[in-house]
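With the hints as extra help, turn the sequences into a complete structure.
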Amino acid sequence: MAAATASLRIGARVALREIRVHLCQCSPGSQGVREFIEKHYVELKKATPDLPILTSECSDVQPKLWARYAFAQERNVSLNSLSADQVTRAVDNVLSGKA
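Residue numbers (my numbering): 12 to 110.
Hints were generated in silico from the structure; no laboratory data involved.
Remember, it's a predicted structure, so these values are computed and weren't measured experimentally.
Please note that the accuracy of each hint is not assured.
Simulated pairs of lysine-lysine, DSSO-like, Cα-Cα distance not exceeding 30 Å [unchecked claim]:
| id | residue 1 | residue 2 |
| --- | --- | --- |
| 1 | Lys57 | Lys109 |
| 2 | Lys75 | Lys56 |
| 3 | Lys109 | Lys56 |
| 4 | Lys75 | Lys109 |
| 5 | Lys75 | Lys50 |
| 6 | Lys109 | Lys50 |
| 7 | Lys57 | Lys75 |
Have a look at this one:
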């Protein structure tokens, strides 16, 4: 998350409007996402206070990161079976406009 502040400036140029994270409360495939939220959510939110970051927990859902941009464009990244560090890289990529 060290790159979150710098990434936000880049993300603002690509008109990132919101980030949504979908995960399961108990599946092994969402373990890394749950760890990411526990360890890094507060830091990410402090670094990007004007960016809505939504988390949705639902049984048996495949973990995904959704990014919504200007003009209703959306992209998603599968987070299935990723570690917390890999989820962090995926979020950094979205913030920097690489995903």
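Going down the list of hints, with the structure as the test:
| no. | hint | result |
| --- | --- | --- |
| 1 | Lys57 - Lys109 | 21 Å, holds |
| 2 | Lys75 - Lys56 | 18 Å, holds |
| 3 | Lys109 - Lys56 | 20 Å, holds |
| 4 | Lys75 - Lys109 | 16 Å, holds |
| 5 | Lys75 - Lys50 | 18 Å, holds |
| 6 | Lys109 - Lys50 | 23 Å, holds |
| 7 | Lys57 - Lys75 | 22 Å, holds |
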